[in-house]
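Student: Listed here are the chains, written in short residue letters.
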Amino acid sequence: MAEAQNIPVGSTTAGQIAVAAESTVATRMSAPPSFDVADFPVPHGREEEWRFTPLERLRGLHDGTAVVTGDGVSVEIEAPEGVTVETVGRDDARLGTAGTPVDRVAAQAYSAFEKAGVITVPKETVLTEPIRIAVRGQGGTSYGHQVIELGAFAEAVVVIDHTGDAVLAANVDYVLGDGAKLTVVSVQDWDDKAVHVAQHNALIGRDATFKSVVVTFGGDLVRLHPRVAYAGTGGEAELFGLYFTDAGQHQEHRLLVDHNVPHCKSNVVYKGALQGESAHAVWIGDVLIEAKAEGTDTYEMNRNLVLTDGARVDSVPNLEIETGEIVGAGHASATGRFDDEQLFYLMARGIPADEARRLVVRGFFAELVQQIGVADLQERLLVRIDEELEASV
Amino acid sequence: MATLEIHDLHVTVEADNATKEILKGVDLTVKQGETHAIMGPNGSGKSTLAYSLAGHPKYTITGGTVTLDGEDVLEMSVDERARAGLFLAMQYPVEIPGVSVSNFLRTSATAVRGEAPKLRTWVKEVREAMERLNMDPAFAERNVNEGFSGGEKKRHEILQLELLKPKIAILDETDSGLDVDALRVVSEGVNRVREGGEVGTLLITHYTRILRYIKPDFVHVFSAGRIVESGGAELADKLENEGYEAYTKGGVSA
Ligand SMILES: Nc1ncnc2c1ncn2[C@@H]1O[C@H](COP(=O)(O)OP(=O)(O)OP(=O)(O)O)[C@@H](O)[C@H]1O
Ligand SMILES: [Mg+2]
Chain F
1 MAEAQNIPVG STTAGQIAVA AESTVATRMS APPSFDVADF PVPHGREEEW RFTPLERLRG
61 LHDGTAVVTG DGVSVEIEAP EGVTVETVGR DDARLGTAGT PVDRVAAQAY SAFEKAGVIT
121 VPKETVLTEP IRIAVRGQGG TSYGHQVIEL GAFAEAVVVI DHTGDAVLAA NVDYVLGDGA
181 KLTVVSVQDW DDKAVHVAQH NALIGRDATF KSVVVTFGGD LVRLHPRVAY AGTGGEAELF
241 GLYFTDAGQH QEHRLLVDHN VPHCKSNVVY KGALQGESAH AVWIGDVLIE AKAEGTDTYE
301 MNRNLVLTDG ARVDSVPNLE IETGEIVGAG HASATGRFDD EQLFYLMARG IPADEARRLV
361 VRGFFAELVQ QIGVADLQER LLVRIDEELE ASV
Chain G
1 MATLEIHDLH VTVEADNATK EILKGVDLTV KQGETHAIMG PNGSGKSTLA YSLAGHPKYT
61 ITGGTVTLDG EDVLEMSVDE RARAGLFLAM QYPVEIPGVS VSNFLRTSAT AVRGEAPKLR
121 TWVKEVREAM ERLNMDPAFA ERNVNEGFSG GEKKRHEILQ LELLKPKIAI LDETDSGLDV
181 DALRVVSEGV NRVREGGEVG TLLITHYTRI LRYIKPDFVH VFSAGRIVES GGAELADKLE
241 NEGYEAYTKG GVSA
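If you're matching them up, the sequences are chains F and G in order. Our numbering applies: residue 1 is where the first sequence begins, and numbers increase by one. Our numbering applies: residue 1 is where the second sequence begins, and numbers increase by one.
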């Protein structure tokens with residue numbers, strides 16, 4: 001990784017690039033994890049985990065006033081043969097096994113959903129086609145829960161598409177058996193008014209590989225909380241993310257990788273581009289290496305590209321290390337501006353201003369997409385990025 | 001025949017809450033096939049002239065006219081000027097993170113030529129142009145100017161000159177920061193473009209060194225925001241021997 005290109009956060013231009021104060025994983029949450037919403041006080045906005053989020057735009061998801069309506073979201077699942085797709089009740093034993101809600105909205109979702117989805121890929125089943133989940137907002141409010149479970153040595157790609165308008169709070173569990181390989185692409189391509197808050201819990205089995213690609217384009221407010229923990233040694237997690245935050249949008253990605261088991265790897269790369277008045281992107285990258293997690297190898301990076309004035313980035317990487325017996329641990333955060341000199345240079349070569357901006361953003365994202373390592377996914381993602389840029393830059 | 005006509009050009013910049021006039025009435029006509037050297041001391045306004053012609057937003061035109069084949073250049077946006085055939089090789093080319101040289105060159109050639117060059121011939125064209133400039137093919141995959149040495153940046157500028165084939169090329173201190181070998185390679189690149197006879201060249205420089213490789217038809221001395229003397233190639237020899245002192249100390253009625 002080109003270390004030299006990493007400008008420390010806030011070292012670039014004045015004004016719109018904020019540097020959040022250092023804070024550690026342990027002190028971050030104001031209440032311990034719980035499945036019960038009653039265990040969390042209603043946030044007032046100054047808590048560490050809420051201080052960047054405009055509570056007034058959560059449409060009541062945080063204080064119990066959001067009322068479920070019948071027309072929340074529709075979920076359509078396309079799964080290749082061999083995959084089991086079920087809708088289950090609240091008491092199903094497979095729910096909530098990958099992680100526990102860590103904030104009030106996640107607990108609210110867990111306390112309020114009526115039916116959950118469970119997708120199972122049996123052990124040693126290797127899928128050649130992706131599982132596709134289309135979540136379409138119908139304009140209403142809903143709470144959801146989805147479990148995706150891979151048996152030992154199973155391999156699958158899951159593509160989750162979020163479109164339309166909705167107020168949605170959800171928990172998603174990914175449970176990977178020993179040696180399983182799961183790639184999940186979650187695209188948030190919501191309409192402008194949508195509000196989406198979700199916690200993703202991945203529990204990675206022994207020698208299993210989890211790859212997550214989070215792509216956030218749309219929504220009025222999107223707040224995602226991808227979390228990873230390990231159930232056995234030799235697990236690997238790669239968390240990729242890209243977001244394009246437009247005028248007025250709030251897009252927040254809060255990651256936690258808990259190295260709770262020895263000899264596991266994690267690699268986190270999130271890149272975002274922002275443009276327009278009051279575009280606000282938040283990236284929190286927490287990596288915890290517990291005392292027992294010897295042999296850990298971890299790296300996390302967040303890069304942001306601010307295209308215009310008026311946009312704001314808060315980027316906070318946190319690395320908490322409780323043992324020195326590790327292979328490697330690093331983090332980097334850089335926020336740069338696409339400045340007038342760059343624009344001038346490209347225009348002086350005949351390239352119109354809009355195209356110049358698109359060129360820069362496309363290149364910025366392509367660098368990340370190329371790391372995903374699944375060729376046809378990469379291609380399709382680049383097409384999606386192009387479409388997004390054509391429409392909005 | 002392409003002609004760039006600059007008439008009584010006045011340009012200001014905003015600095016420290018004050019408006020400062022940098023160009024104080026520049027007159028110059030550059031025709032296709034001609035090479036004009038503009039020489040002057042540091043801070044005399046050479047780059048300001050170059051940037052103003054290219055349309056940099058920091059410079060405000062307060063008077064005068066600039067036309068390219070009769071078309072009002074000052075009315076055009078930066079990209080329109082480039083597409084009309086103006087090219088500025090910059091003194092300090094900027095880094096563009098995330099954009100590869102190959103992608104940049106192709107996008108730019110597409111914009112200037114009005115259609116995307118055919119992929120097969122294009123790849124060959126770029127490769128050969130890079131070879132002529134002694135550029136490692138690996139450059140094509142690097143990000144524009146990112147981590148380039150001073151000499152590499154200048155070669156990259158001349159590479160663009162060769163590929164974009166402008167009507168008027170403004171080369172702002174293309175020689176600065178180059179060692180002798182690089183200077184020769186870069187000059188040869190400029191000469192290849194000049195030999196086509198289709199480009200009018202405005203060669204801005206502080207030193208006479210580059211004029212040994214690129215022979216100008218005209219030499220203009222620039223001082224305090226305007227041209228104070230014009231002549232043929234022999235004027236460069238005079239500057240070589242006597243320096244700019246005669247001009248900066250008011251030796252010429254300025
Ligand atoms: N953007 C700007 N803001 C403020 N002052 C400027 C700006 N551009 C140029 N100037 C001032 O205008 C004057 C002329 O600068 P310019 O860069 O055009 O000179 P130059 O002849 O190219 O010098 P050099 O030989 O050092 O390249 C200088 O005093 C410079 O400080
Ligand atoms: Mg200069």
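FYI, nobody ran anything at the bench for these hints, they're computed from the structure. Heads up, a few of these hints could be off.
[Unchecked claim] Using C-beta positions, here's what the derived DEER-type ranges look like:
1) F:PRO54 x G:ALA138: 45 to 51 Å
2) G:LYS215 x F:GLY328: 56 to 62 Å
3) G:GLY196 x F:PRO80: 45 to 51 Å
4) G:GLY231 x F:PRO352: 49 to 55 Å
5) F:ALA391 x G:GLY147: 42 to 48 Å
6) G:ILE61 x F:GLY45: 46 to 52 Å
[What the hints assert, rightly or not] Computed far set for chain F versus chain G, every beta-carbon distance over 10 Å:
7) ARG51
8) SER74
9) ILE77
10) GLU124
11) LEU127
12) VAL157
13) ASN318
14) ALA329
15) GLY336
16) GLN342
17) ARG349
None of these values were measured; they are calculated from a predicted model. Just so it is clear, CB atoms sit at the ideal spot from N, CA and C, and this is done for glycine as well.
Student: Take the hints in turn and mark each one as holding or not.
Tutor: Hint by hint, here is what the structure shows:
{"no.": "1", "hint": "F:PRO54 x G:ALA138: 45 to 51 Å", "verdict": "46 Å, holds"}
{"no.": "2", "hint": "G:LYS215 x F:GLY328: 56 to 62 Å", "verdict": "58 Å, holds"}
{"no.": "3", "hint": "G:GLY196 x F:PRO80: 45 to 51 Å", "verdict": "60 Å, violated"}
{"no.": "4", "hint": "G:GLY231 x F:PRO352: 49 to 55 Å", "verdict": "40 Å, violated"}
{"no.": "5", "hint": "F:ALA391 x G:GLY147: 42 to 48 Å", "verdict": "33 Å, violated"}
{"no.": "6", "hint": "G:ILE61 x F:GLY45: 46 to 52 Å", "verdict": "50 Å, holds"}
{"no.": "7", "hint": "ARG51", "verdict": "30 Å, holds"}
{"no.": "8", "hint": "SER74", "verdict": "37 Å, holds"}
{"no.": "9", "hint": "ILE77", "verdict": "36 Å, holds"}
{"no.": "10", "hint": "GLU124", "verdict": "40 Å, holds"}
{"no.": "11", "hint": "LEU127", "verdict": "33 Å, holds"}
{"no.": "12", "hint": "VAL157", "verdict": "27 Å, holds"}
{"no.": "13", "hint": "ASN318", "verdict": "25 Å, holds"}
{"no.": "14", "hint": "ALA329", "verdict": "25 Å, holds"}
{"no.": "15", "hint": "GLY336", "verdict": "7 Å, violated"}
{"no.": "16", "hint": "GLN342", "verdict": "5 Å, violated"}
{"no.": "17", "hint": "ARG349", "verdict": "4 Å, violated"}
Of the numbered hints listed earlier, those contradicted by the structure are 3, 4, 5, 15, 16 and 17.
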